[in-house]
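Participant: The lines below spell out each chain.
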Amino acid sequence: MDDPIRLLLILIPALPLAAAVLIGLLGPRVLRQQSHWLAIAAVLASFLCSLLLMRELSFLQRAAGAGGEVALGIGYEEVRRLWTWTDVADAYQQPRTPPGESRESLVGGGSRDFRIDIVLRADSLTCMMLVMVTLIATLVAIYSAGYMHGDPGYWRFFAYFGLFVFSMTMLVSVSNFVLLYVFWEAVGLCSYLLIGFWYQKPAAAAAGKKAFLVNRVGDFGFALGVFLIWTTYGTLNFHDSLRGGELEPARIQQAVAAERAGEVVPAEQEPVAGVFGPLRLADNELRPAGQPRTSAMISLAICLLLLLGACGKSAQFPLHVWLPDAMEGPTPVSALIHAATMVTAGIYMIARCTPLFLVSPDAQLVVSVVGGFTALLAALIALTQYDLKRVLAYSTVSQLGYMFLALGVGSLAGVTAGMFHLFTHAFFKALLFLGAGSVMHAMGNVIDMRRFGGLRRVMPVTYITFAVGCLALAGVFPLAGFWSKDAVLGAVHDKVHELEPHDSDSHGPAPHGPAPHGPAPHDSSPHGSAEGGGTQAVERPESSADDDVTPVFGLSNLLRGQIFHWLYLLGLMTSFLTAFYTFRAFYLTFHGPELIPPEAGRHAHESPASMTVPLGILAVCSALVGLLLDRSYLDGTNSFANWLLWTPSLGFPAAMRTTLPGEFHLSVAGWSTLMALGGIGLSSYLYLGSRHEIHGIRQFFDLAWVSGWSDVESFARMRQWRVARWVRECSAAVGLEWLLRLVVGALLLVVLVLSAPLLLLYYVSPYKLSYHRFYLDELYELVLVRPLRGLARLCYGIDRWLIDGTVNFVGRVPRQIGDVMRSLQMGLVPFYALAMVLGLLILLAVQLLG
Amino acid sequence: MDTATLLLVTILLPLAGAVALWPVAALGTRAVRWTALAVTLATLLLTVLVIWDFYPDHVASTEREWTWLGAGEQIQFGIGLDGISVWLFALSALLMVTAVLVSWEAIDDQVPQFYALLLLLECGCLGVFAARDLIMFYVFFEFTLIPLYFLIGIWGSEDRKYAASKFFLFTLAGSLLTFLGLLSIVWWKAAYVAGGELTFSIAELAAAVQQAAGTPRAMSPGFQAVLFAALFAGFAIKVPLFPLHTWLPLAHVQAPTAGSVFLAGILLKLGSYGFVRFCLPLLPDATYLFAPWILWIAVIGILYGALIALAQHDLKRLIAYSSVSHLGYCLLGVFALNPLGLQGGTLQMVNHGLSTGGLFALVGMLYERYHTRDIQQLSGLARQVPRLAFFMLVFTLSSIGLPGLNGFVGEFLVLLAMFQRAWQEPLPGWGLHLKAISVLAVFGVVLGAWYMLWLVQRVFFGPLKHPSGGHDGAPPRDLAPREILALAPLAVVMVWIGVAPNFFLRPMDGPLREVEAAVARPLQEGLQNREPVAEKRPQTGLENLTRAR
Amino acid sequence: MNELALLQNYLLVGGLLFAIGLAGFLVRRNMIVMFLSAEIMLQGISVSLVAWGRYHNDWGGQMLVVFIIAVAACEAAIALALVLMLAKQTGRLDIVLWQDLREEGQPAYVDREVPEEREEDQVWPTLTPAGIEPEVDPEEELHRSRV
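Sequence lines, in order, name chains A, B and C.
For this note's numbering, add 21 to where a residue sits in the first sequence, where the first one is 1.
For this note's numbering, add 78 to where a residue sits in the second sequence, where the first one is 1.
For this note's numbering, add 39 to where a residue sits in the third sequence, where the first one is 1.
Treat the hints loosely; a few may be bogus.
[As the list claims (entries may be wrong)] From the derived model, a few chain A residues whose C-beta atoms are all more than 10 Å from chain B: (1) Val203; (2) Val765; (3) Leu800; (4) Asp825.
[Said to hold, decoys possible] Label pairs and their in silico Cβ distance ranges: (5) B:Trp100 to A:Asp840: 37 to 45 Å; (6) B:Arg599 to A:Asp840: 45 to 53 Å; (7) B:Leu90 to A:Gln868: 39 to 47 Å; (8) B:Leu247 to A:Gln868: 52 to 60 Å; (9) B:Asp452 to A:His626: 44 to 52 Å; (10) B:Leu123 to A:Trp104: 25 to 33 Å; (11) B:Val87 to A:Trp104: 50 to 58 Å; (12) A:His713 to B:Asp452: 31 to 39 Å.
Everything labelled a hint here was simulated from the structure, so no lab data went into it.
Predicted model, so just to flag it, every value in this text is computed and none were measured.
All residues carry an ideal CB built from backbone N, CA and C; glycine is no exception.
All chains, please: the whole structure from these sequences, using the hints.
Facilitator: So, in structure tokens, the structure goes:
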């Protein structure tokens with residue numbers, strides 16, 4: 022092949038798909054328990070291809086950076102077209118814009134084609150996701166071979182698995198909102214199939230449905246967002262192209278030059294600026310086609326709708342309820358789909374759409390708030406769960422919240438931090454899940470932490486690797502989680518400082534303020550050389566980029582700064598909680614007296630090598646990946662961020678004006694480490710020590726002491742008190758028994774009224790709230806599901822009785838008329854004669870009078 | 079053989095087959111079944127050949143006309159295909175094979191008559207989609223009723239007579255009005271347009287309307303509105319649109335499987351096809367006038383059908399109500415009045431035929447095995463009949479518009495078109511309405527996923543349960559090769575449409591663009607009239623950024 | 040007397056005949072009488088047709104009347120036969136006895152009060168004796184009864 026990028030881009034998704042199809046066809050008869058070989062081989066090959074692609078791309082990027090021919094400062098992308106999916110020419114005809122303006126609109130005059138090509142792209146973001154997805158998928162596939170061994174649906178599992186890897190790799194490599202949506206739903210389908218893998222289990226089937234439905238609600242927003250993008254920007258492509266579908270950058274440049282020069286180009290040759298294409302980004306021309314139709318309102322709406330979609334897929338606050346239930350699926354699936362890859366699709370999407378979000382600071386704020394809130398909420402819930410996988414699931418939700426928090430910061434530092442956290446999180450969360458799976462495997466599918474314990478001697482490898490994962494999740498130096506969490510918190514911290522009023526020097530130079538503009542501190546970075554070459558006039562405007570943007574919510578910078586400050590504190594708090602519940606789970610599982618449930622039988626053993634080897638690899642990755650990639654503490658270089666900044670949607674000039682990554686925040690690191698260690702310490706103290714303390718704490722938070730108040734028997738006991746008896750006897754003697762009863766009754770009433778809120782609190786005590794997941798599922802059931810079902814039944818009643826009744830009534834009218842007319846047909850000749858004569862008379866009368 | 083002759087043979091072959099079943103009946107039911115299958119397969123083959131001929135220059139249509147009846151050369155026997163009808167034509171041929179195969183064992187009573195009626199029905203449907211002449215269209219349109227009336231009335235389940243007569247009367251009542259409306263257009267053309275000879279050719283009528291548009295000879299808006307109402311009566315009942323849908327669940331529940339398959343797959347499309355073929359090009363002003371109302375009705379139907387489907391326990395009734403919901407999308411697309419919507423709506427007709435036709439076939443197969451259609455009595459069937467469950471899942475996913483399958487393409491185009499249309503209107507007034515409609519329509523997708531997935535979950539997943547006294551203790555067998563043969567082609571086409579929809583959309587482009595051109599004039603005029611005067615739009619932040627730079 | 044007055048007189052007669060017939064048809068229940076009334080109406084029409092024909096100097100009127108007479112004769116034959124048949128079945132000539140063509144489920148009309156038949160009303164027409172009864176040979180009579 023003369024075009025390696027095209028080949029690789031096709032191979033990466035095609036191999037897993039081919040494996041899936043083959044397993045699906047051959048699985049039930051031929052492959053059976055050997056199905057995993059095909060899947061592992063395909064995914065591994067896919068991983069190698071991804072690495073090759075990364076290498077190819079980095080060469081190309083370096084060449085482009087050196088040569089300076091391609092528009093620099095807006096990144097580097099390679100796009101390859103496979104076939105045309107739909108092509109509706111002139112789908113959207115707007116009144117033509119004035120001639121002066123249409124020259125700049127770059128979307129072919131006033132009419133736009135709904136042309137969706139199957140285009141695959143290779144840029145930094147895609148490559149990073151591809152490598153991550155295929156690597157984790159490979160390890161999980163190997164692991165599954167051990168874990169799923171002997172399952173009757175073995176081949177089915179690997180067929181779904183291949184399908185998922187195909188969908189996920191496509192999801193990150195397509196270059197179009199429609200196709201993004203397509204594979205967005207496709208991964209949702211795979212998730213649905215895999216959650217419901219053991220479909221005989223009602224809980225699994227229900228969880229699968231729930232996941233699909235909640236995601237559908239998110240997709241509802243996503244779809245609306247996509248539609249809005251189409252009506253606003255007139256294209257759904259990420260990349261630039263010509264109307265005929267040509268993608269060659271040189272040809273596009275040529276066509277743009279011709280357009281600018283005012284030449285009349287044939288329709289095929291008209292350039293179409295993609296939403297995140299260099300054409301639009303280079304000019305900061307993130308404005309709609311044709312008429313300037315977008316307003317701050319629409320930008321905000323687009324972002325919020327996309328956010329809703331992301332919330333669905335990435336399990337953020339209002340829509341997070343499906344993820345814990347999704348744990349009904351096989352554990353490798355939880356590790357791959359519901360921790361490492363699919364749930365990060367929302368993060369990926371928002372990162373991809375950075376240019377859109379950059380226009381709307383309000384939307385960014387919402388992203389951050391949603392993320393921060395979810396992080397805390399999920400962490401609080403995770404504190405009290407007894408299901409090991411559920412703890413991890415809530416932890417995933419919480420960590421995804423972290424990523425949203427970072428993305429919402431809106432600066433490049435934030436976005437890259439979010440993506441970095443995504444990257445590291447994939448390793449250690451997959452590790453934790455696989456470890457939990459290993460425990461589950463050994464414990465005969467028991468996952469309730471109250472029923473096993475002290476496993477560190479039974480399963481030493483799992484124990485060690487799990488410990489590494491826990492440390493990484495808690496963010497302990499120098500494991501991966503530390504670096505990415507620090508980057509996230511640092512980005513939020515910077516944002517706080519950026520939003521603070523700068524006029525007073527009393528603050529001193531903000532320690533981690535916005536990075537100075539001009540060349541970034543490392544020469545190898547794309548924007549660095551671009552700015553050096555002077556091809557892009559990236560100047561720092563008077564105020565920060567946000568000030569130019571029309572706010573919709575009308576929040577002042579000060580207020581937003583305060584919100585971000587609270588979010589920062591929230592992040593620190595969450596990191597404390599994270600460390601606590603992680604180690605709570607860890608201690609409950611591996612420490613304390615050895616306890617093995619009867620379900621495990623004599624199988625309580627360390628898992629086979631096919632499971633422990635992936636665990637080991639993941640543990641090594643979790644330990645080292647941060648240290649290797651983030652060297653900001655040394656020379657301010659974050660290789661990961663530098664690589665990511667080559668992405669067109671991140672590297673464009675407007676984004677470059679925000680805070681750049683690369684600063685190491687010692688104070689932030691200090692605080693977060695302190696929090697993590699505090700959490701671990703508290704957890705160690707409580708769970709390694711005596712059980713009484715933790716019981717006491719639980720009872721305290723469960724407001725057990727309130728229950729004393731509500732105890733009716735205590736009143737009965739009070740009646741037996743000597744004083745009470747004495748008063749009673751006295752009053753009886755005086756004959757004022759009725760008065761006493763009145764007074765006591767009134768007193769009781771007062772006490773009850775006063776303690777009512779307290780009693781109420783007892784039923785929603787902090788502990789119960791956390792244990793019952795803040796009753797959100799019940800709330801949804803009560804507020805959404807039941808009313809809708811009721812409405813459905815009501816509609817059915819209306820349909821049967823009202824609408825069909827009306828129809829039947831209309832049908833009955835002629836029959837009724839006929840019934841009336843029948844009675845005239847009485848068979849009497851004189852009557853007929855009379856009727857004839859009367860009719861004749863009427864006719865005559867009409868004739869004469871009329 | 080040229081294409082037109084081929085087309086004619088394709089249409090008449092089922093008719094010949096129906097006649098041929100008469101002598102074949104003497105040879106026994108096996109022979110009858112095989113003959114019917116052979117005829118439908120041959121028809122399908124011929125259809126493929128017709129499309130093969132048609133496809134390369136898909137803009138042109140194959141036509142053949144000769145005088146049929148009437149003095150002079152007025153009523154022509156004109157047949158031909160264009161991009162609007164070609165896929166529906168093909169779908170009819172395809173679904174009939176499925177219908178014949180699913181009735182293989184289900185029907186053991188008066189078999190020759192049953193297959194003869196099925197073949198007649200096929201002939202009628204093929205004829206409707208190929209008709210180029212108004213009278214011919216109407217004749218075939220009504221002709222489809224008769225075989226189905228007997229199919230439901232004779233081979234249906236317990237309440238069949240009521241269902242059959244309701245179905246028949248309901249649809250007939252509407253289509254009579256439609257006929258009057260169509261004739262009035264012919265009369266208008268003869269009376270008012272230059273060179274006004276009587277013509278029944280659809281193309282000529284459309285051309286005349288186009289030609290007269292904007293001149294004093296054009297139909298007055300009031301007249302158009304009356305005619306539109308007349309046409310609407312017939313087509314809306316056929317579709318069926320929201321308040322006129324009550325015959326549909328009844329007919330579906332009572333019909334034999336093959337009848338349901340064909341009813342859902344093809345007959346409902348006659349209504350939406352009629353809208354595209356007649357209302358839009360012949361009555362553009364009235365269409366524009368009524369479009370928002372119809373959009374409202376359609377979106378109410380989408381939500382209403384979905385909600386009712388949610389409350390069903392009868393498999394067939396559930397799917398029937400889902401049809402009400404899904405056909406709302408077709409109309410939404412058609413009455414969005416832009417190329418995207420027309421293409422999406424027309425494609426959605428095909429999609430719905432595939433998925434719902436397939437679902438009805440599956441329900442029929444389930445019924446053969448478990449003798450119940452009650453969802454509450456079934457559970458966990460995926461264990462006993464995994465292949466059936468697989469197909470059910472595929473068709474369900476297609477029905478709820480999962481990307482990669484056909485349903486998504488149609489739904490996406492329709493919703494996108496609706497959105498685009500909503501964004502064209504200025505905000506106060508219809509702009510707001512249309513925006514609300516498009517958002518509600520998207521919400522319908524969520525509901526759609528809910529009831530369909532719930533259905534699958536309840537019937538196929540969970541612990542195994544099946545009604546006692548089902549199959550004398552022996553577990554029902556999984557799909558036989560014959561049944562797989564009936565379903566697999568549908569699934570293949572679904573994937574095909576989902577992966578490469580352009581193959582199907584491209585031929586539609588030309589004729590639908592003509593349709594769109596007809597309504598474009600009133601649309602543009604209407605938009606210009608409604609555009610608020612000199613409204614200054616707020617500018618985006620980045621625009622300011624650009625300007626600052 | 041001019042032509043117009045002549046026409047008027049004829050028409051008057053025709054109209055009167057028609058009215059009498061109509062009244063008879065409506066009022067009476069005896070099938071034969073009703074039939075006769077219908078015939079009278081027919082004749083009223085015939086008279087007016089002839090009158091108009093003469094007035095317009097058009098033989099068409101007369102021609103029609105000839106036709107009517109011919110048709111009426113045929114009709115009379117059939118009608119009387121029918122009447123005879125019906126009368127034979129019930130022994131009565133009352134038209135109301137024949138209501139079999141009424142709608143199903145419709146109650147039959149029954150005379151609530153039948154007028155009493157008085158002896159003195161039952162006056163049967165008698166033929167005036169004409170001539171002497173011929174002598175007949177009993178043998179011949181026996182023989183003739185077959186004829």
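Participant: Which of the listed hints are not met by the structure?
Facilitator: 1, 4, 7, 8, 11, 12
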